[in-house]
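Residues in the sequence shown are numbered consecutively from 1, following full-length UniProt numbering.
Wrong hints could be hidden among the right ones.
As the list claims (entries may be wrong) - Here are the simulated EDC-like cross-link-like pairs (lysine to aspartate or glutamate), alpha carbons at most 20 angstroms apart as the crow flies:
| hint | residue 1 | residue 2 |
| --- | --- | --- |
| 1 | K186 | E219 |
| 2 | K307 | D184 |
| 3 | K234 | D305 |
By construction, these hints were calculated from the structure, which means they are not laboratory data.
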Amino acid sequence: MQFFSSDFKLGILGGGQLGKMMLYETRKWDIQTKVMDASEEAPCKIACNEFVQGSLMDFDTVHDFGKDVDVLTIEIENVNVDALEKLEHEGVQVYPPTKTLRTIQNKGVQKLFYTDHDIPTAPFTRFAYTSEIKDSIRNGGLSLPFVWKSAQFGYDGQGVKVVRKIEDLKDLPNVECIAEKMIDFKNELAVVVARNTKGEVKTYPVVEMEFHPEANQVEYVICPARIDDTVAKKAQEIALKVSEHMKHVGLLAVEMFQTKDDRILVNESAPRPHNSGHYSIEAAYTNQFEQHIRAILGLPLGKTDSKVAGIMVNLVGAEGHTGEVVYENMEKILGMDGVTPHIYGKKQTRPFRKMGHVTIVDENMARAREVAQQVKETIKVISK
């Protein structure tokens, strides 16, 4: 099949920043794209050949959207999988396959998948409703503290809460969920695995994530992770095992905990380009977005090594600011060596909303980390 400068059409469900960065690559290769998002102001709108406004969760809307594309991919998991399954049966190539998506879409199903395939993960209990948790605590079936996660529709730290006392349950939605044992970890790591339609597989280097204490959001992604080689090797092996059993096509980002005694436990996976791979745009030979396109089109996978140390800083809306966005001190960070900002194109800011990211590259990791700190303290995402 001829993908470049041809009638071939790639469909993308979701029009957010991940889709926008995927479109940098399709434009580089002159691949036609059709994107759907619920928002009239989706970041993807400016860069695709065809934009459709519609609900990603509505069966008919998703089915109609996918009927005239050759390959269909996603940039968000919250999509109507039944519609994707029908499209698959009708001959549209859907990547990741719906089977992979079904497993990952529900956190309870995803956790069972790990235990069924001997993939190390934190102990957990599934509940049909949050309201059942109190009884379980009273009966001694569950002990505090634990991490509550809604089974579906969580993202960017939403749908996750640390429960230290029974009162912490009162504001949580009464939905299907899991209660996961709190892990005393020393590092949060991630490995992005790429798998193409022909079964070729490559992993990116292990990255380390530093989180915001309140928002439960990644503040820094550091590549390579500052960990022992044996731990890095173990993390990559486990990520490959997840990939092999998931049978995904495209990218799979596997988030993990490194425990105090250097065990690796899988936290969760995402079958698409991921925040933990953004550093690769400036730091790697093949960035994650190009790699995803290569994988779903069955093209040879690119080299995953880093050229230099890379650190990514998330730009999120400042607390106390809601409304039209203003990026303060942009000139100052652009004056720093090795600093590249990426602005996602969301016109409205609100506290902790992901509005962009900044990549810092340097031959010297310690220096890159210092500059990342300066960037974090300098740029402010505020409202008018």
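Here is what the structure says about each hint:
no. : hint        : result
1   : K186 - E219 : holds (16 angstroms)
2   : K307 - D184 : violated (33 angstroms)
3   : K234 - D305 : holds (18 angstroms)
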